[in-house]
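S.K.: As you go down the protein sequences, you meet chains X and Z in turn. If you're matching positions, the first sequence starts at 41 in the numbering used here and goes up one per residue. If you're matching positions, the second sequence starts at 152 in the numbering used here and goes up one per residue.
There may be inaccurate statements among the hints.
Claimed, not checked - Listed next, with one range per pair, are the computed distances between beta-carbon atoms:
1. X/Pro91 with Z/Lys538: 13 to 21 Å
2. Z/Pro393 with X/Glu109: 28 to 36 Å
3. Z/Asp485 with X/Asp88: 43 to 51 Å
4. Z/Lys412 with X/Ala93: 39 to 47 Å
5. X/Ser72 with Z/Arg176: 46 to 54 Å
Rather than coming from a laboratory, the hints here were simulated on the basis of the structure. Everything numeric in this text was worked out from a predicted model, so none of it was measured. We put the beta carbon where it would ideally sit given N, CA and C, even for glycine.
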Amino acid sequence: MSLDREQVRRIAHLARLHISEQEVSAYADTLSRILVLIEQMNAVDTADVIPMAHPNEAGLRLREDTVSETDQREKFQRIAPAVEAGLYLVPKVIE
Amino acid sequence: MFDKTVVELARALSRREISSVELTRLFLERINKYRDLNAFITVDPERSLAQAKAADDRIGKGEAGVLAGIPLAQKDIFCADGWRTTCGSKILSNFVAPYDATIIKKFNRAGAVCLGKTNMDEFAMGSSNETSYYGGVKNPWDTATVPGGSSGGSAAAVAARLSPAATGTDTGGSIRQPSALTNLTGLKPSYGRVSRFGMIAFASSLDQGGPMCRTAEDAALLLNVMAGFDARDSTSVEAPVPDYTQSLDGDIKGLRIGLPKEYFGEGLNSEVAKVIETAITEYKKLGAQVVEVSLPNSQLAIPCYYVLAPAEASSNLSRFDGVRYGYRAKDYSDLLDMYCKTRAEGFGAEVKRRIMIGTYALSAGYYDAYYLKAQKLRRLIAEDFRKAFESCDVIMGPTSPTTAFKIGEKSDDPVAMYLSDIYTISVNLAGLPGMSIPAGFDAKGLPVGLQLIGTYFDEARLLNIAHRYQQVTEWHRRIPKGFE
Chain X
41 MSLDREQVRR IAHLARLHIS EQEVSAYADT LSRILVLIEQ MNAVDTADVI PMAHPNEAGL
101 RLREDTVSET DQREKFQRIA PAVEAGLYLV PKVIE
Chain Z
152 MFDKTVVELA RALSRREISS VELTRLFLER INKYRDLNAF ITVDPERSLA QAKAADDRIG
212 KGEAGVLAGI PLAQKDIFCA DGWRTTCGSK ILSNFVAPYD ATIIKKFNRA GAVCLGKTNM
272 DEFAMGSSNE TSYYGGVKNP WDTATVPGGS SGGSAAAVAA RLSPAATGTD TGGSIRQPSA
332 LTNLTGLKPS YGRVSRFGMI AFASSLDQGG PMCRTAEDAA LLLNVMAGFD ARDSTSVEAP
392 VPDYTQSLDG DIKGLRIGLP KEYFGEGLNS EVAKVIETAI TEYKKLGAQV VEVSLPNSQL
452 AIPCYYVLAP AEASSNLSRF DGVRYGYRAK DYSDLLDMYC KTRAEGFGAE VKRRIMIGTY
512 ALSAGYYDAY YLKAQKLRRL IAEDFRKAFE SCDVIMGPTS PTTAFKIGEK SDDPVAMYLS
572 DIYTISVNLA GLPGMSIPAG FDAKGLPVGL QLIGTYFDEA RLLNIAHRYQ QVTEWHRRIP
632 KGFE
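Okay, chain Z solo, but in the shape it has when bound (with noise of 0.2 Å):
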């Protein structure tokens, strides 16, 4: 049953061969049985059951949801009303949210099961899950290497079969990142899809949550309920949302799929090069076309980036003063100092690091050089996009320039550490849709992702390319060996 996809587990459920008490019992029991991994940070096994008998009266009463009693793992960014929220770090390791973010919200109402809050780089600056204040976490397919990040304690808990799906959120490629390293299907939604209500801010102008699921169906099924307005967050969009199901299986015949030759290039791991190539080859067999694109800015999304989330995070984490909420510092003489030691005991050296830069690209004298040049460079990324995307529909390379890479290889590093989000920043300055979907593995028997970018709301697409992929494909269906 741990095997089943969401989908299978929704007609399991709705056909009454199971509860969603066992079900919940059976992931917590996982869950436990495999802590090893510090996939969670957060379990409250009394909290989910609660949450699985009231969803079981509801499937009794026929007055279900389309999620009714699918347990789900939340990442930790996300409020939600009793649970601790911690982000990842020490200030916030006391908050028990007193409020449900808007996608928290919306899975209730779908009946979901949330099954615990799940580890992640300290708000979310990470791309190894290593700079969680609650250690790091270990990747199933290895557990010498790291799950990637910043939503590596989702990514785990789903390749592990410790939930069916989980939440992410992805700021410079959190959800495809992790994802390709574990092996799973991620989803990161053009910016203002999802609602961010809730959502503790990392860099408010690039954070996008989304599902990180096995299958294209069930990322699918997980975006009909995060989708759509809400008049809470300034930002969201007040677009029409699709009903993702409906379109997955569409022919991708005459699929014009852009290969962007900076993707192909120095830096790229051979071994994830030929994985890539061959599920290339998988599409054209489906009647797809290839053609070359260009996006020449590319190689200056990471200074960009580094720039721009960091600016934005220093502004959005002034709010963590010890005041109303979180840690505060035991000692100190005055206000300021109170302010000073509360930060410097509660954040970790990347957070405190992040805040440093970015308070220096928006201080007097140093404005214009950093910060608005900056957005220049966001402008010219975003339209190498919009002529790429005149001559193809999709753009394909890989997600990540390596597999996963052995904990510790890069924790001493930053500049080392931010090289590995290379293929996913542009997206995220862009605003535009973007997946990571299992292609196959390297020697070592390491996942590799196939990255999928598309153009602004085209969700629906990204998703039908994906699933027609893993119908003809069986990488996606991979467990790793000690979880079966």
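Here chain X stands alone, though its shape is the one from the complex (with noise of 0.2 Å):
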């Protein structure tokens, strides 16, 4: 199938990127491309196959709820964009 303007601007705002009016057109176009290629899956019935997620299918590990990890506020807010006071700064979300 392929993807028309009005989709790939919504797909771009559910991905949180930002895309030009004049981008949306190569966008629309190249996704298509890429659906085409997907959607040789649709050849093959696969109604009673179980999906795989992972490799290994074990299941994941539980661990005792410790503490494990050191405090490192300090180096790891060293590197932010903003901080103030230990808090990361973004833009005001609350009037």
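Starting from two chains that each stand alone, build the complex the way the hints lay out.
M.R.: Structure (structure tokens):
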């Protein structure tokens, strides 16, 4: 199937990607070509196949709920774009 | 000295024929001399030499680890404390990792020296290294061609003898395909064998780190350090790790080599096919026998992969939002706008395409048709391998359908680029170990890789099979012209 301009805008919004009006058509075209490739999957009947999410299906491990890491807030915040008083700064979200 | 293998250098270091500082300087000089290859994103000679000095001290005290003083190049996907770690992206252009990936920690403990961080396709999304924000990498065998990807910088660095060995990661072929295109011995371990902690995630159910070396012997030595359970990686496998160097010499008489007919059909370059056939004949001389096997769903691996990998990537890459680390856009009106512009400016075209494909595949109303369908095909592909391994011990075929292609040849056509991983992708979907080893050259003098695929956790056997071949062939010793 091919994507129209409106679908491309919607996907970009869901993906939190700003795309300009000029880019929309180019994306519609390339993504549609990739979808043609992907839709080769439909050639096979998979009605009775159990989906495989992962190569090791033994399930995930559990661990004790104990403190295992030390506090390194300063080190980690040193690489942030904007920090104040130990908090990450972002544009105001609540009026 | 720069043409020696890791095993040879380890011997020279332990006999004090050379110091780690001298060796590190030698390789740093070569990195600088051949910087036009663009194999490295970051070098930090001071940091490397400090590590080398510390290694020399340890060697002096006789408390050295197995890789003491050995300089290695690390793919820029692995976080290394204090090193800029970009993953080939603008969005991490200012990211200095605040911690070590588990494998970096292990290499440090073993005494290895980090020579620098190698170039790669952005977030490992590419097969030619052309999607890197830091520019493409040239293939030392022909600088008009690509070295493959995504571990293209690591491949070029080892092929040009700028580093004795390097690390790579492989989500759909990113260790094996560049190894094939640059005449290296590259190993993608079984899923869960090598810790993914601190390895920047692309597609979590497919990603696996591994060594890129010149010989199977070196790959065994590096895998010994890299492999093993890690509580910090929830998909790390709790299975004993053998000493991979101990089984290299084992006899391979009676080895059953499975040749999947699907790997020798349309799309395979005839010169590559001829080289692979010759390599198989060599194995027959070593006592192996050949059986035909079938992987009937092979042609579905690419469509299946281009749903699953982008779907996982769209989720993994949602963490890059300009809040806690990395690049943040300069101009924005509100929080949503900050996210959208940061990501639009920080990611390159291919990464954006894959995020969008993945987002679409996971979006309401399309999940069953794409993501679930792809997971079902994944089961069929894994089943094909299980059945094939009932009649053989190892599967062999070409790693890549062609030798190295020209820079720019496929960069405008994502679908054509995706097809260059046709023989490698299904191995990741199944979670199996795979290798590429040097098997010969085409008429243009470009290397051809032979792919070996093993059953789960059979890395020791793959290395053994590769090593026996390297004992009777010379392909892996060739050095590209201009780098002698």
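S.K.: Take the hints in turn and mark each one as holding or not.
M.R.: Going down the list of hints, with the structure as the test:
1. X/Pro91 with Z/Lys538: 13 to 21 Å: holds (19 Å)
2. Z/Pro393 with X/Glu109: 28 to 36 Å: holds (31 Å)
3. Z/Asp485 with X/Asp88: 43 to 51 Å: Holds - the Cβ-Cβ distance for aspartate 485 of chain Z and aspartate 88 of chain X, about 49 Å, lies within 43 to 51 Å.
4. Z/Lys412 with X/Ala93: 39 to 47 Å: Since lysine 412 of chain Z and alanine 93 of chain X have Cβ atoms about 29 Å apart, the given range 39 to 47 Å is violated.
5. X/Ser72 with Z/Arg176: 46 to 54 Å: holds (53 Å)
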